[in-house]
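A.B. asks: Residue strings, one per chain:
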Amino acid sequence: MRVCGKCRVVFLVVLVAFLALLAAPATAEDFNWKKYAGATVKVLFVQHSVSEAIVSKFAEFEAATGIKVDYSITPEANYFDKVATSLSSRTGDPDLFMSGAYQLWDYSSAGFVEDLSAFINDKNKVVPDYDFGDIVKSAADALKWDGVPGHAVGTGPQLGLPLAFEIYSIAYNKRAFEKAGIKVPQTFDELLAACDKLKEWNGQGSYALAIRGARDWGTIHPGYMSTFANFGAVDFAVEGNRLVSKVNSPEAVKMTEFWVDVIKRGGSPSWSRYTWYEAGADLGAGKAAMLFDADNNGVQQNWEGASQEAGNIAWALMPVAKVGDTPHSNYWTWSMAMNSASKNKDAAWYFLMYFTSKGFAEYASVEKNSVDPARTSVWNSEGFGKKMAKQEGYIDTYNKTINSTTILFTPQPYFFETTTEWAATLQDIVAGKYKSVQEGMDSLKVKMDKALEDVEIK
Amino acid sequence: MDNEQKTNVSSQSKNTALDLLGTFGRNLGLTLYALFALFPLVWMIICSLKLDSEMYNTVFVFSPTLDNYKAVLLGTDYFKAFFQNLIVAGGAVILTIVAGVPAAYALARYDFKKKEDLAFQILSFKFAPEILVILPIFTIFQRIGLYDTYFGLIWVYQLITMPLVIWVVRGYFEEISVEIEQAAQLDGYRWFDIFFDILVPLIKPGLVASALLAFIFAWNSFTFPLVLSGFKIQTMTITSLRYIASDTVHYGQVAVASLVAVSPEIIACLFIQKHLVRGLSFGAVKG
Amino acid sequence: MNETDNAPRDDRINYNEAPVSVRRRPYFIIAPGLLILIGILIPFAIAIFLSFTNFSFRSTSWRFVGLRNWSDAFADRAFYHAVWVTLRYGFYATLTQMVLGLVVALLLRKDTFYSRVLKVLFTFPLMVAPAIAVLIWQLMTSNSVGVLEGFLNFFGVFDFPWASSHATAMFTAVLIDTWVNTPFILLLVLAGIQSLPKSPFEAAQVDGASSWFIFKTLTFPMLKPFLYIALLFRVMAALQEFGIIFALSKGGPGDTLMNISLTGYITAFQFLRMGKALPYLLVLWMICYVAAWALVKRQRKLAKLAQGY
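Chains as they are written, first to last, in this note's numbering: chain W, 873 to 1330; chain B, 1029 to 1315; chain E, 221 to 529.
So here's chain W without its partners, still in its complex pose (with noise of 0.2 Å):
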């Protein structure tokens, strides 16, 4: 695919320039915005960045449209037990919601998502300036999905459209490797190395490596998935018309072993009940060293007086196998998705347009915190690369891992049970529970073949 990349965007700038020229909207300035004044659209919020600066604009935005916005932000922990909740009642309620990729597998198998392609390739409906080429493509990518397990993304309906993204690497303090006196690793040996090195690093209860360990799929898809894939293993296989789980593969047992030991040489004691936030504030309090996470999340403690180590972080390629090898990074995207039952539909895509357009996605990185822009034209700005001046090495690392950057799970209806049952093998592997890697991935790969065992690829 990547390989035609640039006689794709040749032809899409070509597409572009020729559809402004024929489209009924010739320009920004005629596209009728005001067109579906007096509607309301619900809306669906999690807690994050880029959902305060979306909140920020409503009075723009309904001043501009005339469209009135009713919404609710709830925590992540909650948050999609609510979508599900609402989506399967079918009324109508919200009209778009934030999901991730994930997420849409299970909500599009039961048909609550309406495909975007209607719109994105309807001239009418499409704002002149809005430029759809210039979305980061592996995002919106990221959010096509044809519906059929263990077919990969990137082709089908558009499920979503990206507002953020995260991409995975190292965070790490630059303090602690001149205290430690040893460079980043930047490989499976290396980073087992500077596990023990950096142990105690910043006195009593400081340690060298924070990742997440929670019981749920937030343990999987960041560090641990990206790594699973830099071994070579696969979660799914297709066999017959069956997905059937690998995950006591050779390689997976492998990588698995290699990530206990990191833990056990270099994690947090209380692993176990980490996600997100621990590990970020663990990299900010000057207890973890590095932080194998999402890129945007050491960013949070660095900015200047967020937390004690604030200043110190840097950015980092993630390990591989050997020096030069491709880190192949799995993707998590925060994107926007309708609801198939949606009774404003029209709406609700214009809602949908505001807030992926360029002009918003700027304002959101620049102006306020949402650091992984879902715009190329965002990410080579003059006004985001000033904001993250001070961030070392976090643009050219992005730089560095995006073309390798992919969703790596096998698309399925049963992401959340799978994950879920992931981390809690993963845990009682940890802890001892098993005699070896390869008992607990095995009772694993059991439990897995169970949730999917009624799934058939037709």
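Honestly, the hints are just simulated from the structure, not real lab data.
Computed from a predicted model, the values in this text were never measured in an experiment.
Misleading hints may appear alongside valid ones.
[As the list claims (entries may be wrong)] Here are the simulated EDC-like pairs of lysine to aspartate or glutamate, each with C-alpha atoms no more than 16 Å apart in a straight line: (1) W:Lys1136 <-> E:Asp379; (2) W:Lys1322 <-> E:Asp292; (3) W:Lys1319 <-> E:Asp296; (4) E:Lys521 <-> B:Glu1144; (5) B:Lys1302 <-> E:Asp331; (6) E:Lys517 <-> B:Asp1047; (7) B:Lys1143 <-> B:Glu1202; (8) W:Lys906 <-> W:Asp1218; (9) E:Lys524 <-> B:Glu1144; (10) W:Lys1258 <-> W:Glu1234; (11) W:Lys1319 <-> E:Asp292; (12) E:Lys517 <-> B:Glu1144; (13) W:Lys1322 <-> E:Asp331; (14) E:Lys524 <-> B:Glu1202; (15) E:Lys524 <-> B:Glu1203; (16) W:Lys995 <-> W:Glu1062; (17) W:Lys997 <-> W:Asp1218; (18) E:Lys521 <-> B:Glu1202; (19) W:Lys1071 <-> E:Asp379; (20) E:Lys330 <-> B:Asp1047; (21) E:Lys521 <-> B:Asp1145; (22) B:Lys1260 <-> W:Asp942; (23) B:Lys1108 <-> W:Asp942.
[Said to hold, decoys possible] Far from chain W, some chain E residues (derived; all Cβ distances over 12 Å): (24) Phe284; (25) Thr316; (26) Leu320; (27) Ser335; (28) Lys339; (29) Ser384; (30) Phe421; (31) Ala424; (32) Thr487; (33) Met506; (34) Val516.
C-beta atoms are modelled at their ideal positions from N, C-alpha and C, and glycine is treated no differently.
Given the coordinates of chain W, work out where chains B and E should sit on it, guided by the hints.
C.D. replies: Relative to chain W, chains B and E alone:
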């Protein structure tokens, strides 16, 4: 206190020593429990005065700031949630009193068929797993338009509030002798006069105490408002958790939000402090 | 309103001999309260019905699957594990809180200024929403940045694992539960103590009975009706505990804290398998129902006995 009491004079001084020891032990025990019960609250107050950057690295020595208070109270729609929660929890308790006190009266005064069974059924609602009822209720509410409405929540909260009030108040009615009512009737009081002028003052301690407990449980409810509301109505607990932002947990702001959230309960508790303990004695207070 | 005139002068009115209009009256009075609760009963019926279907949030259509959800649950080891965790958690939490509540109430018995102030202060933790309470405790128990780590270090304990180890997760959850809910028991026991008659205690003291003897033969038996009520409400809540455990560890590490409520919630709302979750939740309901029935029966008996004083 002890058997030696009656033996001789010298034990008098020993007794005082024992008393002292007893007092010391009692106060030590109370102080230990007070530490356990109150330290987290004190810690919350301390956190509410700390900046995010000092949250993890300081214990008692830090530079206090009111920034968290400003951020929560001025910067967000926190007060909207506060008042909405007040309407929902207060409304639930009022509905419980209006419908529950007569029910408690009937359960205490009349002997009718299946009375004990009925009383138990009412109590058993309190024991139904919230998670079990929430899904069907959600579906029904969506259909009949009660989703995200005050009345919908007030109604569902009856599961939390009503059984407790009925059970406590019933105990009170059982303690009031029938003769009082009969005498009043002979004096020409009408039934609602009897109810409001004679019975209500007598059950007041129980009513007030159980209503406060019911209010606390309703005020802090999490699962029901999470699933059954959200767009128009927001409640405190969910709103407080919002300060677990995407960037980091703003513990200081969570602390402020929770401190403000407990304030109406604490004020109510101080107001009815006299009734609170008495009131839960199910009317069995003698002398 | 003269029906009471022809009633026997007894504590109870014999409504079987009263006119029909009067006989029906209790049902009328109780009706509004009952109606409200019965409205909420409908969901129970629906829940039982749905447990025989493959209903889920995944799809708008569903079909009957007979007893499959039930037989699946009973065949699953996770089910028995969940029941076991539920019972253990219920036992530990209730026992700790009952003992602590009773002891503290007895310590508060002597009316001093200190105890009057403490009585009020001690009710405060009850007012903190459990989800928030967990957050406070999580911050305090963090190994890297928590205040309790420093406190324990002072005693030579390092890296106490709290909620992150299989061995101490239950302890931590019970500890937080105890912090929030002991005041509830405390209030009820204090109420009970206030209702105790004075004379038997004065007599016992004159006879020079020991404190332990007084407690064993007088205080404790007389407090029993109150302890039962406290026990009843706490046992029910502890068996169903969801908020504290979910906020603390989501049931982990491993499956350590996966009680029925958590398993049911996660299966239904996160794995989107409502039909599969309902047998779990209905079994929980039955456990609660039976436990409540036994406790209530005993409590009513004791209360009636106590009223004899």
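A.B. asks: State for each hint whether it applies.
C.D. replies: Here is how each hint holds up against the structure:
1. Distance hint between Lys1136 of chain W and Asp379 of chain E is fulfilled; the C-alpha atoms sit about 14 Å from each other, no more than 16 Å.
2. Our distance criterion of 16 Å between C-alpha atoms is met by Lys1322 of chain W and Asp292 of chain E, whose separation comes to about 12 Å.
3. For the hint pairing Lys1319 of chain W with Asp296 of chain E, the CA-to-CA distance comes to about 11 Å; that is within 16 Å, so the pair holds.
4. The straight-line distance between the Cα atoms of Lys521 of chain E and Glu1144 of chain B is roughly 12 Å, inside the 16 Å bound, and the hint therefore holds.
5. A hinted pair counts as satisfied when its Cα atoms are at most 16 Å apart, and Lys1302 of chain B with Asp331 of chain E qualifies at roughly 14 Å.
6. Annotation: proposed proximity of Lys517 of chain E to Asp1047 of chain B is violated, straight-line Cα distance about 41 Å (limit 16 Å).
7. A C-alpha spacing of about 14 Å is found between Lys1143 of chain B and Glu1202 of chain B, which places the hinted pair at or below 16 Å, so the restraint holds.
8. For the given pair, Lys906 of chain W sits about 12 Å from Asp1218 of chain W by alpha-carbon distance, which is consistent with the 16 Å threshold.
9. For the proposed pair Lys524 of chain E and Glu1144 of chain B, the alpha carbon gap of about 13 Å is at most 16 Å, so the pair holds.
10. Using a Cα cut-off of 16 Å, the hinted pair Lys1258 of chain W and Glu1234 of chain W holds, with the two alpha carbons roughly 12 Å apart.
11. For the given pair, Lys1319 of chain W sits about 14 Å from Asp292 of chain E by alpha-carbon distance, which is consistent with the 16 Å threshold.
12. Annotation: proposed proximity of Lys517 of chain E to Glu1144 of chain B holds, straight-line Cα distance about 9 Å (limit 16 Å).
13. Distance restraint check for Lys1322 of chain W and Asp331 of chain E: the Cα-Cα separation of roughly 62 Å exceeds the 16 Å cut-off, and the hinted pair is therefore not satisfied.
14. Proposed proximity of Lys524 of chain E and Glu1202 of chain B is supported: the alpha carbons are some 10 Å apart, at most 16 Å.
15. Taking the CA atoms of Lys524 of chain E and Glu1203 of chain B, the gap is about 11 Å. The hint holds against a cut of 16 Å.
16. For the given pair, Lys995 of chain W sits about 53 Å from Glu1062 of chain W by alpha-carbon distance, which is inconsistent with the 16 Å threshold.
17. Restraint check for Lys997 of chain W and Asp1218 of chain W: satisfied, since their Cα atoms lie roughly 8 Å apart, inside the 16 Å limit.
18. With a CA separation close to 14 Å, the supplied pair Lys521 of chain E and Glu1202 of chain B stays within the 16 Å bound.
19. A hinted pair counts as satisfied when its Cα atoms are at most 16 Å apart, and Lys1071 of chain W with Asp379 of chain E qualifies at roughly 14 Å.
20. For the hint linking Lys330 of chain E to Asp1047 of chain B, the alpha-carbon distance of about 12 Å falls within 16 Å, and the restraint holds.
21. Proximity of Lys521 of chain E to Asp1145 of chain B is assessed by CA-CA distance (about 14 Å); at most 16 Å being required, the pair is judged to hold.
22. A hinted pair counts as satisfied when its Cα atoms are at most 16 Å apart, and Lys1260 of chain B with Asp942 of chain W qualifies at roughly 8 Å.
23. Proximity of Lys1108 of chain B to Asp942 of chain W is assessed by CA-CA distance (about 14 Å); at most 16 Å being required, the pair is judged to hold.
24. A cut-off of 12 Å between C-beta atoms confirms that Phe284 of chain E is not in contact with chain W; the least separation is 16 Å.
25. Taking the minimum C-beta to C-beta distance to chain W, about 22 Å, the non-interface status of Thr316 of chain E holds against the 12 Å cut.
26. Residue-level check passed: Leu320 of chain E sits 25 Å from the nearest beta carbon of chain W, beyond 12 Å.
27. Residue-level check passed: Ser335 of chain E sits 38 Å from the nearest beta carbon of chain W, beyond 12 Å.
28. Non-interface status of Lys339 of chain E relative to chain W is upheld: no Cβ of that chain comes within 12 Å, the nearest being about 35 Å off.
29. In this structure Ser384 of chain E is not separated from chain W by more than 12 Å, as the shortest Cβ-Cβ distance comes to only about 4 Å.
30. Its beta-carbon lying about 49 Å from the closest one in chain W, Phe421 of chain E satisfies the requirement of being farther than 12 Å from that chain.
31. At roughly 51 Å, the least C-beta separation between Ala424 of chain E and chain W is larger than 12 Å, which holds for a residue marked as non-interface.
32. Under the 12 Å C-beta cut-off, the non-interface status given to Thr487 of chain E relative to chain W is violated; the minimum distance is some 8 Å.
33. Listed as a non-interface residue, Met506 of chain E keeps its Cβ farther than 12 Å from every Cβ of chain W; the least gap is roughly 25 Å.
34. For Val516 of chain E, the condition that its CB be more than 12 Å from all CB atoms of chain W holds, with the nearest at approximately 33 Å.
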